[in-house]
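Okay, here's what each chain looks like letter by letter:
Number of protein chains: 2
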Amino acid sequence: MNKKAILLVGDGVSVTDLRYASGFSAPDDFLFMQSGTRKCCAVSALEYNRAVTSALPGVEVRRTHSSHLETVKTIAADWGVDTLTVPGSFPVGLAEKLKGAGFTIEIAEQPLYPEREFKKISEVQKIIVSLRAAEAGCRRAIEVLKESDIAPDRTLVWGNAPLTSEILRAEVDCTMLRLGMIAVDTICAGGLQGAQPHNTGSGVLLADYPVVLDIFPRSAATGYWGDLTRTVVKGTPSDFMRRAYDAVLEAREFAKSCIKIGAIPSEIHKCAENILAKHGFSTGCDEKGDYGFFHGLGHGVGLDIHEGPRLSPRNSEPLKAGVVVTDEPGLYYPDQGGIRLEDMIYLNDEGKAVTLTEMEDQFVI
Amino acid sequence: MNKKAILLVGDGVSVTDLRYASGFSAPDDFLFMQSGTRKCCAVSALEYNRAVTSALPGVEVRRTHSSHLETVKTIAADWGVDTLTVPGSFPVGLAEKLKGAGFTIEIAEQPLYPEREFKKISEVQKIIVSLRAAEAGCRRAIEVLKESDIAPDRTLVWGNAPLTSEILRAEVDCTMLRLGMIAVDTICAGGLQGAQPHNTGSGVLLADYPVVLDIFPRSAATGYWGDLTRTVVKGTPSDFMRRAYDAVLEAREFAKSCIKIGAIPSEIHKCAENILAKHGFSTGCDEKGDYGFFHGLGHGVGLDIHEGPRLSPRNSEPLKAGVVVTDEPGLYYPDQGGIRLEDMIYLNDEGKAVTLTEMEDQFVI
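Residue numbers (my numbering), protein chains in the order written: chain L, 168 to 532; chain R, 168 to 532.
Keep in mind that the hints were calculated from the coordinates and are not lab data. Owing to the predicted nature of the structure, the values given are computational and were not obtained by experimental measurement. Any given hint could be a false lead.
Claimed, not checked - Straight-line Cα separation of at most 20 Å, SDA-like style, residue types lysine to any residue; simulated pairs:
| hint | chain 1 | residue 1 | chain 2 | residue 2 |
| --- | --- | --- | --- | --- |
| 1 | R | K266 | L | G260 |
| 2 | L | K266 | R | K264 |
| 3 | L | K264 | R | K266 |
| 4 | L | K264 | R | K264 |
| 5 | L | K170 | L | I272 |
| 6 | L | K445 | L | Y458 |
| 7 | R | K455 | L | S221 |
| 8 | R | K455 | L | T220 |
| 9 | L | K264 | R | G260 |
| 10 | L | K266 | R | G260 |
| 11 | R | K519 | R | E434 |
| 12 | R | K264 | L | I274 |
| 13 | R | K427 | R | S483 |
| 14 | R | K266 | L | G255 |
With the rest of the complex left out, here is chain L (with noise of 0.2 Å):
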């Protein structure tokens, strides 16, 4: 005998393919096995009720055993299956354990669900969700920061207090928060902070230098992610910062573009270095760190913040229809700070590249 089972484990939130293949997520490890077209869920007596009720059609839910490797047993007992594909991000615990009851473990070199990156016209609706309620979070911080006052000192001062990094994303993230969503990391990152790309940013915001606002919620209820990003200033940006700016918004443009079917992901991430370059701006590594463009241009988004599709310079796979990504070109200057602007781009079934991004762009606010 010889038959097989894909085996996952893990809450929802950390291993999507959960959520995905089972329509049903919980902040507590949970298992899933699917075997040609029997597939199964097996959740704690806590999660039972909750599991049937948002479980995708032809799941059968089960409760789980005392162990997952007592769960694993008695289902792959049901089901004759006695080799279990498992992701590499699989524990080896269990894995091991499964080892020792008999099974055989091969793990999984692709995606198990790779139509994961072909979304269905319901998904890109629940990515819509969540990209519009960063535009909301978006809208509320150009709103602070223009009703913010400039010091003397060119920091800004937003209600008698000195206007925070931290002050700023607590607006951003409750703005979204009230609209359903889970918000992690929402970056706020001014002056030299912004010239790196991670920073979330922290302390006293200043005048004159490019705020970055890159905003990622995940809805609660769908657990899908919206992703944008655009960098404003509250003052007078540098004639550096503002070519820089406008090149950034050239090459998310341009790049735009070239979202096609057949397209190839390496050539469109080339065409926006291509067009930063013919502006001036150089990429590489001195003394004080990366600087220019240096992290890939876009990635696809889903139940993941960071799925297939990437737009990087290693990805030479042809875009096909369906995929939803990010074009999100950057600058960033160790001296001077950093610009990023991200929308978002569905490629359709006709082929056509629909921007589901509707914030406008605007450097001085």
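Keeping the supplied structure of chain L fixed, place chain R upon it in accordance with the hints.
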């Protein structure tokens, strides 16, 4: 040669040992190795500067190579290590690649950092900061419930709109967010939803029924959690729920008095159960599901919201000084609703059980 090193891989939120051991956390995967007193953290170029700043003294920070496999090979070669001890949750894909490269992989049966259960004063202080934020969130919920009116159909109305669990949760979470917290899955469950301990609550809230407020924020800065539950009623609770509240309150306080060095967690749980039974509240399961007190009395809290020691019927390991645990008995009846009251207790080095929670107890508001 048989020289061992601990190996951890993941992001600092889901693999909290990474944060504990290195002092650093990142939303993307990074790597930590420890062999005796040698400790090394390997992060992407994007995170390098931040890692250098936040890593604990004695932790060397390196840049990751093209893959985790290559990074591990380089560090292991430098250290002369050929055996890697990994947690059971370690990804099987990387474990297999490491085996293929000649490493022996040992899966730890026990926690790699058992000292995590025993908090340093600095850790207790971080937990208290998060707990105070939870209390601020809880007070905000009670304020909103107090401000709300009861419509003729006994639904709650706040500022001209129906008061839903979602709106109440947003008020709680926004309060905590402004205090630097991350809050996910905050429970504001009213009506019969409160009878399901994991139900976060949805829809319009009702007068006369208990609303379970289970609030557990994590500090964005430190990663430590707070955990608090209060149950309140707007309007007039049933006599049954009034008696249930009193029983749960007595059980919580009695259990608290049992927390001491050498006490057996399963016996403390049993004490709480006995108090509830003495008041006539039994535990069981019928056609409507579980009822009574059907979860563990409490759990340790630190960089994980649920960690050791468990105050559960299955833990017979005597308590030691330094633990921070929750004490959270509850009563749940599918046709009546739920009551849960949760404090946090620190068993200090003098063997004194210190209640960290300052939030008052009040049922009818």
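Structure-based check of each hint:
For the given pair, K266/R sits about 15 Å from G260/L by alpha-carbon distance, which is consistent with the 20 Å threshold. Taken as a hint, the K266/L and K264/R pair is honoured in the structure, with Cα atoms around 17 Å apart against an allowance of 20 Å. The straight-line distance between the Cα atoms of K264/L and K266/R is roughly 17 Å, inside the 20 Å bound, and the hint therefore holds. Restraint check for K264/L and K264/R: satisfied, since their Cα atoms lie roughly 19 Å apart, inside the 20 Å limit.
For the proposed pair K170/L and I272/L, the alpha carbon gap of about 12 Å is at most 20 Å, so the pair holds. Note on K445/L and Y458/L: the hinted pairing holds, with a Cα-Cα distance of about 16 Å set against a maximum of 20 Å. For the proposed pair K455/R and S221/L, the alpha carbon gap of about 19 Å is at most 20 Å, so the pair holds. For the given pair, K455/R sits about 16 Å from T220/L by alpha-carbon distance, which is consistent with the 20 Å threshold.
Distance check on the hinted pair: K264/L and G260/R sit about 15 Å apart at the alpha-carbon level, within 20 Å; holds. For the suggested pair K266/L and G260/R, the alpha carbons sit about 15 Å apart, so the restraint of at most 20 Å is met. Taken as a hint, the K519/R and E434/R pair is honoured in the structure, with Cα atoms around 18 Å apart against an allowance of 20 Å. For the given pair, K264/R sits about 11 Å from I274/L by alpha-carbon distance, which is consistent with the 20 Å threshold.
Taken as a hint, the K427/R and S483/R pair is honoured in the structure, with Cα atoms around 14 Å apart against an allowance of 20 Å. As the CA atoms of K266/R and G255/L are separated by approximately 14 Å, the hinted pair is consistent with the 20 Å bound.
The structure agrees with every numbered hint stated previously.
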